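Q: Sequence:
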Amino acid sequence: MAMLLRKVWGSVSNRSESSSDRNRIFSSSSSSSLGAFDQLPADILMQILRKLEAKDAVKMSVVCKSWNSLISDNLLWIFFLQNQPYESWDAIFFSETSLRSGYPLQTFPTQMPDLSFMRIYSQRMRVPGSVIIDGGSGYCKFGWSKYARPSGKSATFLEFGNIESPMYSRLRHFFATIYNRMQVKPSNQPIVVSVPICHYDDTESAKASRRQLKKTMYSALFDMNVPAVCAINQAILALYAARRTSGIVVNIGFQVTSVVPILQGKVMRKVGVEVVGVGALKLTGFLKELMQLNNINFGSLYTVRTLKENLCYVAADYEAELSKNMPASFEIMGEGPITLSKERFQTGEILFRPSIGGVRAMGLHQAVALCMDHCHDAELTSDDSWFKTVVLSGGTACLPGLAERLEKELHGLLPASISNGIRVIPPPYGVDTAWFGAKLVSNLSNFPGPWCLTKKPSGLKSKLNLMW
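When you read off a place in the sequence shown, starting at 1, and then add 608, the result is the number in the working numbering.
Heads up, a few of these hints could be off.
To be verified - Quick list of in silico lysine-lysine cross-link-like pairs, BS3-like style, CA-CA up to 30 Å: (1) Lys761 / Lys663; (2) Lys950 / Lys932; (3) Lys878 / Lys823; (4) Lys823 / Lys761; (5) Lys874 / Lys659; (6) Lys1063 / Lys815; (7) Lys822 / Lys754; (8) Lys878 / Lys822; (9) Lys1016 / Lys761; (10) Lys878 / Lys932; (11) Lys1063 / Lys822; (12) Lys1063 / Lys1016; (13) Lys663 / Lys754; (14) Lys659 / Lys754; (15) Lys932 / Lys1016; (16) Lys950 / Lys874; (17) Lys823 / Lys793; (18) Lys754 / Lys823; (19) Lys874 / Lys815; (20) Lys761 / Lys874; (21) Lys815 / Lys754; (22) Lys659 / Lys878; (23) Lys874 / Lys754; (24) Lys754 / Lys1016; (25) Lys1016 / Lys823; (26) Lys793 / Lys878.
Just so you know, the hints here were simulated from the structure itself, not pulled from any lab data.
Please read all numbers here as calculations on a predicted model, not as lab measurements.
With the sequences and hints as input, model every part of the structure.
A: Spelled out as structure tokens, the structure:
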């Protein structure tokens, strides 16, 4: 302890005496005594505790009861949580203050003096970790919740929108394939699986389709002996990844783009989910047409997609960009460097002008503006700010300049009463955004409790209806 004190004292020896006097941790009226440590300023005591590991700090509180008030100090445990190797503090704070209640979400005040981060730290260390499967219409990302990022990616080989009789066997085969690739038994860990955005309407038929899809997913996983299952809408997970529980998620999928309003973790289908018939595949196909038109040789559609992902961007001002010459090259293995010029920004422009790609549909900015109009008119809350955060999701949403262009277009389309305060956020974790949203949920200190279903047929139906 003496060596530790000398080390700490050396690191703060340049502090001013006045600062030390102001920060003494106990007053003369304190009923607790630390003996000689009573004379140490608060910041030095806190640094002593921080030099210890979390387990040693707890041991100190057991051996010396008078240290209990120090050991239970939230600031100490926030420090330990801030130094977790696999999660950022802001992600931990958001999830523990906004998502602990499970669904439906409860609103917490900004300051929560009764929230014990010592307890949260202890519980999070005991959470065993979960399997995360984020499956979409294009690619599936899978991995462990305790890992920094997904451990694998594969093409999704089923259409989640299809609920015909073969759906159960196809889902079962899909999940079994992922478990085999991860080399883990389904019965070992809980699972968080994303539910792709489909069946957009609020009609009875669409509701039944969504319930059937989710019920089939639960049945397939429970029949594989998965102990607990948490299935969450992909758009909601993307919103969580952006540290939000309310907002509009723009998901640029493989085939279509969906504009999804979400309030307190619930998709507002009564307000309306807008769908634009332009997705990642259309952008890749349009770039292919432009390259053929300009006699640019390429080996395969994979080459075109790679060029789209590495060279393309969205122009802030399309007309002004046409007068510029901004060539850039990217080297494709086995094909050498390929150079694109105007094709770089013309490709992404079909998101705002679908007609140039031969698609009869409204532009992305028009779809988002229409969704915001509906949210405003619905008057779901006394404050319109809930729908003014727009979170982009999907691989194509990572195109540089897209968030800035969409925000600019929205300000031009909407009246000031609605457009004031609008903020468009690029995919917080790139193509893995929804996966990271699932990671926030699966690492909660009380997971799997409030979020998961276990194999209890009597409670399955009622909770499924509630969550949809």
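Q: Compare the structure with each hint and give your call.
A: So, going through the hints one by one against the coordinates:
1. Lys761 / Lys663: The given pair, whose Cα atoms are some 37 Å apart, is violated under the 30 Å limit.
2. Lys950 / Lys932: holds, 8 Å
3. Lys878 / Lys823: Holds - the C-alpha atoms of Lys823 and Lys878 are around 22 Å apart, at most 30 Å.
4. Lys823 / Lys761: Status holds; Cα separation ~25 Å.
5. Lys874 / Lys659: violated, 43 Å
6. Lys1063 / Lys815: Holds - the C-alpha atoms of Lys815 and Lys1063 are around 23 Å apart, at most 30 Å.
7. Lys822 / Lys754: The hint holds at about 25 Å.
8. Lys878 / Lys822: Holds - the C-alpha atoms of Lys822 and Lys878 are around 20 Å apart, at most 30 Å.
9. Lys1016 / Lys761: With a Cα-Cα distance of about 34 Å, the restraint between Lys1016 and Lys761 is violated, given a limit of 30 Å.
10. Lys878 / Lys932: violated, 44 Å
11. Lys1063 / Lys822: Holds, because 14 Å separates the two Cα atoms, which is no more than 30 Å.
12. Lys1063 / Lys1016: With a Cα-Cα distance of about 48 Å, the restraint between Lys1063 and Lys1016 is violated, given a limit of 30 Å.
13. Lys663 / Lys754: holds, 20 Å
14. Lys659 / Lys754: Answer holds: Lys659 to Lys754 is near 25 Å, not above 30 Å.
15. Lys932 / Lys1016: Satisfied, since the Cα-Cα distance of roughly 21 Å is no more than 30 Å.
16. Lys950 / Lys874: Measuring from Cα to Cα gives roughly 41 Å; hence the hint is violated.
17. Lys823 / Lys793: It holds: about 22 Å lies between the C-alpha atoms, which stays within 30 Å.
18. Lys754 / Lys823: holds, 27 Å
19. Lys874 / Lys815: Holds: Lys874 and Lys815 sit about 14 Å apart, inside 30 Å.
20. Lys761 / Lys874: With Cα atoms ~28 Å apart, Lys761 and Lys874 stay inside 30 Å; holds.
21. Lys815 / Lys754: violated, 34 Å
22. Lys659 / Lys878: Violated, at roughly 53 Å.
23. Lys874 / Lys754: Since the Cα atoms of Lys874 and Lys754 sit roughly 26 Å apart, the hinted pair holds (cutoff 30 Å).
24. Lys754 / Lys1016: The given pair, whose Cα atoms are some 38 Å apart, is violated under the 30 Å limit.
25. Lys1016 / Lys823: violated, 41 Å
26. Lys793 / Lys878: violated, 40 Å
Violated hints, listed in ascending order, are 1, 5, 9, 10, 12, 16, 21, 22, 24, 25, 26; each of the other numbered hints is respected by the structure.
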